[in-house]
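*Asks:* Could you put the whole structure together from the sequences, leaning on the hints where they help?
Count along the sequence shown from 1, add 53, and you get the number used in the numbering used here.
Certain hints may be false.
In silico EDC-like links for lysine to aspartate or glutamate, alpha-carbon gap of 20 Å or less [said to hold, decoys possible]:
(1) K73 <-> E108
(2) K85 <-> E98
(3) K163 <-> E108
Read the hints as simulated data drawn from the structure, not as lab findings.
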Amino acid sequence: MLTLQYIPHHEFSHLVLEDKLKKIMKAVKDDKILLIEGRLDPIEESELIKRTMSEINKNFSGIEIASIDYDLKKQELWDHIRKGIANLLLKRRSGLTIVGPASIVREIKKDPNKIELLTMEKKKKR
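*Replies:* Printed below as a string of structure tokens:
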């Protein structure tokens with residue numbers, strides 16, 4: 054069974070880096086695909102990849118991760134500035150981050166208008 058877990062911004066933004074990594078790694082190791090509101094910052098993403106690489110073994114083959122931004126180009130200049138200031142004050146990063154176990158997520162395809170998540174059936178352990 055495929056499990057998607059949505060994590061809203063308010064539940065994730067107040068956590069320190071170590072707690073964010075623990076939460077992500079626990080969910081991924083439980084074979085869940087996370088949909089995180091907002092983007093991970095470059096340091097968070099880098100640390101997640103490092104942590105993943107250090108924990109790869111025969112039971113955990115790693116993660117697939119992708120982030121997308123909402124298209125702000127179509128907004129009027131004033132709306133763009135207003136949302137930018139609000140996001141800065143609220144420490145929000147617009148967009149969406151998807152993280153899933155490499156044993157289930159085969160590929161994440163992105164283009165300007167959509168994101169596709171291709172999965173495969175997890176092999177049963179004998």
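*Asks:* Give a verdict on every hint.
*Replies:* Hint-by-hint comparison with the structure:
no. : hint          : in the structure
1   : K73 <-> E108  : 16 Å, holds
2   : K85 <-> E98   : 18 Å, holds
3   : K163 <-> E108 : 27 Å, violated
Hint check: a violation occurs at hint 3 only; the rest are consistent with the structure.
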